[in-house]
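Asks: The residues making up each chain are set out below.
Protein chains: 2
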Amino acid sequence: MRITVLAGGIGGARFTRGLLHHLRTAAPGSEVTVIGNTGDDIRLFGLQICPDLDTVMYSLGDGISVERGWGREDETFTIKEELAAYGVQPGWFGLGDRDTATHLVRSQMLAGGYPLSAVTSALCERWQPGVRLIPMSDDRVETHVIVDGDEPGTRRAIHFQEWWIKHRAALPAHGFVLVGVDVAKPAPGVLEAISDTDLLLLPPSNPVVSIGTILQVAGIRDAVLATTAPVVGVSPIVGGAPVRGMADACLSAIGVETSAAAVARHYGARQPTPGGGDAAGLLDGWLVHAASDAGAVHELTPLGIATRAVPLLMTDLDATAEIAAAAIDLAESVRR
Amino acid sequence: MRITVLAGGIGGARFTRGLLHHLRTAAPGSEVTVIGNTGDDIRLFGLQICPDLDTVMYSLGDGISVERGWGREDETFTIKEELAAYGVQPGWFGLGDRDTATHLVRSQMLAGGYPLSAVTSALCERWQPGVRLIPMSDDRVETHVIVDGDEPGTRRAIHFQEWWIKHRAALPAHGFVLVGVDVAKPAPGVLEAISDTDLLLLPPSNPVVSIGTILQVAGIRDAVLATTAPVVGVSPIVGGAPVRGMADACLSAIGVETSAAAVARHYGARQPTPGGGDAAGLLDGWLVHAASDAGAVHELTPLGIATRAVPLLMTDLDATAEIAAAAIDLAESVRR
Numbered sequence: 287m288r289i290t291v292l293a294g295g296i297g298g299a300r301f302t303r304g305l306l307h308h309l310r311t312a313a314p315g316s317e318v319t320v321i322g323n324t325g326d327d328i329r330l331f332g333l334q335i336c337p338d339l340d341t342v343m344y345s346l347g348d349g350i351s352v353e354r355g356w357g358r359e360d361e362t363f364t365i366k367e368e369l370a371a372y373g374v375q376p377g378w379f380g381l382g383d384r385d386t387a388t389h390l391v392r393s394q395m396l397a398g399g400y401p402l403s404a405v406t407s408a409l410c411e412r413w414q415p416g417v418r419l420i421p422m423s424d425d426r427v428e429t430h431v432i433v434d435g436d437e438p439g440t441r442r443a444i445h446f447q448e449w450w451i452k453h454r455a456a457l458p459a460h461g462f463v464l465v466g467v468d469v470a471k472p473a474p475g476v477l478e479a480i481s482d483t484d485l486l487l488l489p490p491s492n493p494v495v496s497i498g499t500i501l502q503v504a505g506i507r508d509a510v511l512a513t514t515a516p517v518v519g520v521s522p523i524v525g526g527a528p529v530r531g532m533a534d535a536c537l538s539a540i541g542v543e544t545s546a547a548a549v550a551r552h553y554g555a556r557q558p559t560p561g562g563g564d565a566a567g568l569l570d571g572w573l574v575h576a577a578s579d580a581g582a583v584h585e586l587t588p589l590g591i592a593t594r595a596v597p598l599l600m601t602d603l604d605a606t607a608e609i610a611a612a613a614i615d616l617a618e619s620v621r622r
Numbered sequence: 287m288r289i290t291v292l293a294g295g296i297g298g299a300r301f302t303r304g305l306l307h308h309l310r311t312a313a314p315g316s317e318v319t320v321i322g323n324t325g326d327d328i329r330l331f332g333l334q335i336c337p338d339l340d341t342v343m344y345s346l347g348d349g350i351s352v353e354r355g356w357g358r359e360d361e362t363f364t365i366k367e368e369l370a371a372y373g374v375q376p377g378w379f380g381l382g383d384r385d386t387a388t389h390l391v392r393s394q395m396l397a398g399g400y401p402l403s404a405v406t407s408a409l410c411e412r413w414q415p416g417v418r419l420i421p422m423s424d425d426r427v428e429t430h431v432i433v434d435g436d437e438p439g440t441r442r443a444i445h446f447q448e449w450w451i452k453h454r455a456a457l458p459a460h461g462f463v464l465v466g467v468d469v470a471k472p473a474p475g476v477l478e479a480i481s482d483t484d485l486l487l488l489p490p491s492n493p494v495v496s497i498g499t500i501l502q503v504a505g506i507r508d509a510v511l512a513t514t515a516p517v518v519g520v521s522p523i524v525g526g527a528p529v530r531g532m533a534d535a536c537l538s539a540i541g542v543e544t545s546a547a548a549v550a551r552h553y554g555a556r557q558p559t560p561g562g563g564d565a566a567g568l569l570d571g572w573l574v575h576a577a578s579d580a581g582a583v584h585e586l587t588p589l590g591i592a593t594r595a596v597p598l599l600m601t602d603l604d605a606t607a608e609i610a611a612a613a614i615d616l617a618e619s620v621r622r
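Chains as they are written, first to last, in this note's numbering: chain H, 287 to 622; chain W, 287 to 622.
Derived by calculation from the structure, the hints in this document are not laboratory data.
Yeah, the Cβ is synthetic: ideal placement off N, Cα and C, and Gly gets one too.
Be aware that one or more of the hints could be misleading.
Stated by the list, open to error - Sample of chain W residues at the chain H side, in silico, Cβ under 8 Å: (1) I328; (2) R329; (3) G332; (4) T362; (5) T364; (6) E368; (7) A371; (8) G380; (9) D383; (10) T386.
Unchecked claim - Per label pair, the in silico range of CB-to-CB distance: (11) W:W378 with H:G505: 41 to 51 Å; (12) H:P474 with W:W378: 27 to 37 Å; (13) W:A605 with H:T362: 32 to 42 Å; (14) W:K452 with H:R442: 48 to 58 Å; (15) W:D436 with H:G475: 52 to 62 Å; (16) H:R426 with W:K471: 32 to 42 Å; (17) W:Y400 with H:G377: 14 to 24 Å; (18) W:R418 with H:G505: 17 to 27 Å; (19) H:G435 with W:G399: 24 to 34 Å; (20) W:A456 with H:R442: 54 to 64 Å.
Required output: the full structure, derived from the provided sequences and hints.
Replies: In structure tokens, the structure reads:
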């Protein structure tokens, strides 16, 4: 089976790890492609940093800090301290020493003319993540957040990472601007991985600044709409709050309620229904958390989104594999 | 008193540390300028690395590894390990994590258009070395070493650092090539620091690939010849061997015997003597190690190089300060 996953960082990486664990016994020989968000990439200290790609790569390559969920295990932060001692800004970015080696290799390959997709493949030679990891685009797309300016009535845009890390997403966001998205093209293989797949999964990644960003690259959303493969998503919202991260702040910035059902309605149903579901949506199926959100099943099904309630907490690898299994099972039930 | 020092790495840095210690009580208010060798600079992993400048800066700023003599105290080498895990070459360079922050800041400032002299000043804002540290040139000059090629009768050039670190200077060297020296200009302030000084010191740095390199930058040798200040050197050779490092391999590559007297003859006397000393040499005075090289006093004095034998082992700060004091005392005796 060919499976394609649109992934952000921690949520997407953990889900994919469970997916691979499930496939190892349930469908050995399956090929998984992960299309990674690069909207949160940032250039700092001369280093090109791709937090989401690295989180996927490290997670699937057993190099991730299990405790933090990002960055490397056994990480140290001496370079960060040293840069601060030189007075170099910003000080809020968690630049790990081990991680820096990845950034150095990437930055050098990019400087040498390799596209990010080739660089990512090269880095994955070491990590052997067990998936084909492709950045959504080789072109630079950077998520900026519109926040209040210093003067009343004014607004300014700050890099997503500054908003997310420095301000812990606590500055009210009025929206997101994807710098460069107007000219960005999907990386080689991205559109094919969506059109020529047996199953497209939206893991419990941030629906706004991770999956939402990927979908804004020219052609990707249309490819999802057009693929013959079933499209099944896993709710990142459990009981009205993000399982992890601050997706609520992102959702409220675009006027979407923080609930499993609202996120599904935001993605929309692929199949218009007699009952009048959204046209041109993305989802065939949707998983919500059984203990808290079972009510969404009855709300969403009439909209054309086949919804099931199962346990959605990725507490360990087995529990996560169960979620992936449920997503695959749901996909089979909606396959046209 | 204004004192200018032409320095390489460890030897020059330790000597200058002793010099500052001596001046603190003997001549407070003295201004010391160090002109640093940049011929052993190397660009690796996208980082511009200036080993000699950093050794001086860290040594005088109390950040040096006392045990190693180069790099930072409390250093770790995780980035080096990680780069090796990616298969990135070369693996022989001792890239420390703390050190990497310095290289990142320097590389970024250089990429931003600042000349190396301005970058060095900026880095010294943190380290407060107590001297004005100026690179010999803002232009790139790289020492390469001519060694045997793979085929008999052929030769090839390798970067000085590869020869020095990877091969421990054990590959026979047929000479040195300073790539870029034909167009390099002295950095701002270098020539003035030589002409407008009260004393010019050649510390026990490598006479070939440190001081010898500095002297090859256009105008520097002529400025030394022309300065009215006395020029006094400290022998890096004690009892027929380098005190530290592999200067013997460098000396033999240019056909100079590894002895205190031979190095002095290589530098040459500034004042032609009735006895027929070398014309257009550099030295007014020369210190040799009393316990092993006192015989050089009688050999060199007739050549016009005022030579004294004193203890030259920089075993601790006080002993090093004594050497600096002896150099200053000798300079006063030859001042014209």
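Asks: Evaluate each hint against the coordinates.
Replies: Checked hints:
1. I328: With a minimum Cβ separation of about 14 Å from chain H (threshold 8 Å), the hint on I328 (chain W) is violated.
2. R329: Hint on R329 (chain W): violated, closest Cβ of chain H at ~10 Å, above 8 Å.
3. G332: Interface hint status for G332 (chain W): holds (4 Å vs cutoff 8 Å).
4. T362: Check passed: Cβ of T362 (chain W) comes within 6 Å of chain H, closer than 8 Å.
5. T364: holds, 5 Å
6. E368: holds, 3 Å
7. A371: holds, 6 Å
8. G380: Not OK, violated: G380 (chain W) not within 8 Å of chain H, min 15 Å.
9. D383: holds, 5 Å
10. T386: holds, 6 Å
11. W:W378 with H:G505: 41 to 51 Å: holds, 46 Å
12. H:P474 with W:W378: 27 to 37 Å: About 36 Å separates the Cβ atoms of P474 (chain H) and W378 (chain W), which means 27 to 37 Å holds.
13. W:A605 with H:T362: 32 to 42 Å: Hint holds: Cβ distance 36 Å, inside 32 to 42 Å.
14. W:K452 with H:R442: 48 to 58 Å: Holds: the Cβ-Cβ distance is about 51 Å, inside 48 to 58 Å.
15. W:D436 with H:G475: 52 to 62 Å: Since the Cβ atoms of D436 (chain W) and G475 (chain H) sit about 41 Å apart, the hinted range of 52 to 62 Å is violated.
16. H:R426 with W:K471: 32 to 42 Å: holds, 37 Å
17. W:Y400 with H:G377: 14 to 24 Å: holds, 21 Å
18. W:R418 with H:G505: 17 to 27 Å: Check failed, 58 Å falls outside 17 to 27 Å.
19. H:G435 with W:G399: 24 to 34 Å: holds, 30 Å
20. W:A456 with H:R442: 54 to 64 Å: Roughly 59 Å apart at Cβ, these two residues keep to the hinted range, so it holds.
Violated hints for the displayed structure, listed by number in ascending order: 1, 2, 8, 15, 18.
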